[in-house]
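Assemble chain B onto chain A, guided by the hints.
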Amino acid sequence: MTETVIEQETKSGTATDVPWNVVVHNDPVNLMTYVSRIFQNVFGFSRERAEKHMMEVHKLGRSIVWTGARERAEAYVEQLHGHLLLATIEKSR
Amino acid sequence: MQITRPDKKTILLSRLDALLCQLLRRIAQSADPGDSAAARARLYSAPTHDRDEADLIEDWRDYIEPELARLFLSALGVIESDLLTLRIDKKSGEGALSIPFQHLENWVHGLNQARLALAARYDFSEAEMEHPLPLDGEPRALALLQIRFYGLLQELFLRALEGD
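Chains as they are written, first to last, in my numbering: chain A, 546 to 638; chain B, 83 to 246.
Extracted from the complex, chain A is given alone in its bound form:
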């Protein structure tokens, strides 16, 4: 089973801020090379890290690609939607 990799940003908000996850969901149409490229472009991941997340999406159906402040999480989801990936935010547990 693929190990879950969670990218976490150093918290800069208030103590009451709840961290939010950016989750990318599997889509059988998007090419794996395309998804990996978008992860590199949007999050600045290395190719290896991008491919690890891409394979997690492919095999497990979803991958948490970033965790941090809500506003930034929404901005990432907007960017990912701009590249037509299925992405959502969710509260980090």
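Think of the hints as simulated: they come from the structure by calculation, not from any bench. Source: prediction; values computed, not measured. Ideal Cβ placement from N, Cα and C applies to all residues, glycine included. Certain hints may be false.
Calculated pairs, DMTMM-like style, for lysine to aspartate or glutamate (alpha carbon to alpha carbon, straight line, at most 25 Å) [to be verified]:
| hint | chain 1 | residue 1 | chain 2 | residue 2 |
| --- | --- | --- | --- | --- |
| 1 | A | K604 | B | E237 |
| 2 | B | K91 | B | D164 |
| 3 | A | K597 | B | E244 |
| 4 | A | K636 | B | D134 |
| 5 | B | K91 | B | E244 |
| 6 | A | K636 | B | E147 |
| 7 | B | K172 | B | D99 |
| 8 | B | K91 | B | D171 |
| 9 | A | K604 | B | D132 |
| 10 | A | K597 | A | E619 |
| 11 | B | K90 | B | E187 |
| 12 | A | K636 | B | D137 |
| 13 | A | K636 | A | E623 |
| 14 | A | K636 | B | D141 |
| 15 | A | K604 | B | E210 |
| 16 | A | K597 | B | E208 |
| 17 | A | K636 | B | E140 |
| 18 | B | K173 | B | D99 |
Just the calculated beta-carbon pair ranges, DEER-fashion [said to hold, decoys possible]:
| hint | chain 1 | residue 1 | chain 2 | residue 2 | range |
| --- | --- | --- | --- | --- | --- |
| 19 | A | R617 | B | R133 | 19 to 25 Å |
| 20 | A | Q624 | B | D144 | 14 to 20 Å |
| 21 | A | K604 | B | H131 | 17 to 23 Å |
| 22 | B | E220 | A | S637 | 43 to 49 Å |
| 23 | A | Q624 | B | L215 | 32 to 38 Å |
| 24 | B | R97 | A | R638 | 51 to 57 Å |
| 25 | B | Q104 | A | R617 | 41 to 47 Å |
| 26 | A | V563 | B | R241 | 37 to 43 Å |
| 27 | B | R133 | A | T578 | 31 to 37 Å |
| 28 | A | H603 | B | G245 | 20 to 26 Å |
| 29 | A | H603 | B | E244 | 14 to 20 Å |
Using the frame of chain A, we list chain B on its own:
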């Protein structure tokens, strides 16, 4: 079809038969969700699955989706503009298209959008997309051919962008 790189600034698609020329000209039309709720839902997906976040979903629809629509149209506009340069050789009937390298990101995006919209509109399962092409000429067969041809182009353009 042949894909070459005559210089650093250009990708040349040549030896395009009539069918491939037609498929290229259908990219923007295919990427448009039109009246297909399924295609629209795929291109403009919800930002959360959390039912307590109805405000976010509503704001997304009001403010983010129009921005996304502009972004999508912009990429398709570049493709349409490049397609105006598609030339057909009168003797052989074959087409040739020069694509500026700096437009490749727009092409990758537009091809992806067309594939996603077609797959949603025709409700293709993952298994159907992996099966051999049906040859009975029905609309779904043409859509499947488009998805595969656009996927091939997308892959080749991604490789070019990666410098492979």
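We went through each hint and held it up to the structure:
1. A:K604 / B:E237: Holds: K604 of chain A and E237 of chain B sit about 21 Å apart, inside 25 Å.
2. B:K91 / B:D164: 14 Å, holds
3. A:K597 / B:E244: Roughly 18 Å separates the two Cα atoms, so the pair holds.
4. A:K636 / B:D134: 11 Å, holds
5. B:K91 / B:E244: 14 Å, holds
6. A:K636 / B:E147: The hint holds at about 22 Å.
7. B:K172 / B:D99: Holds, at roughly 12 Å.
8. B:K91 / B:D171: 23 Å, holds
9. A:K604 / B:D132: Cα-Cα ~23 Å, so holds.
10. A:K597 / A:E619: Holds - the C-alpha atoms of E619 of chain A and K597 of chain A are around 22 Å apart, at most 25 Å.
11. B:K90 / B:E187: Judged against 25 Å, a Cα distance of about 15 Å means the pair holds.
12. A:K636 / B:D137: 15 Å, holds
13. A:K636 / A:E623: Distance of about 17 Å is within 25 Å: holds.
14. A:K636 / B:D141: It holds: about 18 Å lies between the C-alpha atoms, which stays within 25 Å.
15. A:K604 / B:E210: 19 Å, holds
16. A:K597 / B:E208: 22 Å, holds
17. A:K636 / B:E140: 18 Å, holds
18. B:K173 / B:D99: 12 Å, holds
19. A:R617 / B:R133: 19 to 25 Å: Roughly 23 Å apart at Cβ, these two residues keep to the hinted range, so it holds.
20. A:Q624 / B:D144: 14 to 20 Å: 19 Å, holds
21. A:K604 / B:H131: 17 to 23 Å: Holds, since K604 of chain A and H131 of chain B (Cβ atoms, about 20 Å apart) stay within the stated range.
22. B:E220 / A:S637: 43 to 49 Å: 47 Å, holds
23. A:Q624 / B:L215: 32 to 38 Å: 35 Å, holds
24. B:R97 / A:R638: 51 to 57 Å: 55 Å, holds
25. B:Q104 / A:R617: 41 to 47 Å: Since Q104 of chain B and R617 of chain A have Cβ atoms about 44 Å apart, the given range 41 to 47 Å holds.
26. A:V563 / B:R241: 37 to 43 Å: Given about 41 Å between the Cβ atoms, the range holds.
27. B:R133 / A:T578: 31 to 37 Å: Holds, since R133 of chain B and T578 of chain A (Cβ atoms, about 34 Å apart) stay within the stated range.
28. A:H603 / B:G245: 20 to 26 Å: 24 Å, holds
29. A:H603 / B:E244: 14 to 20 Å: 19 Å, holds
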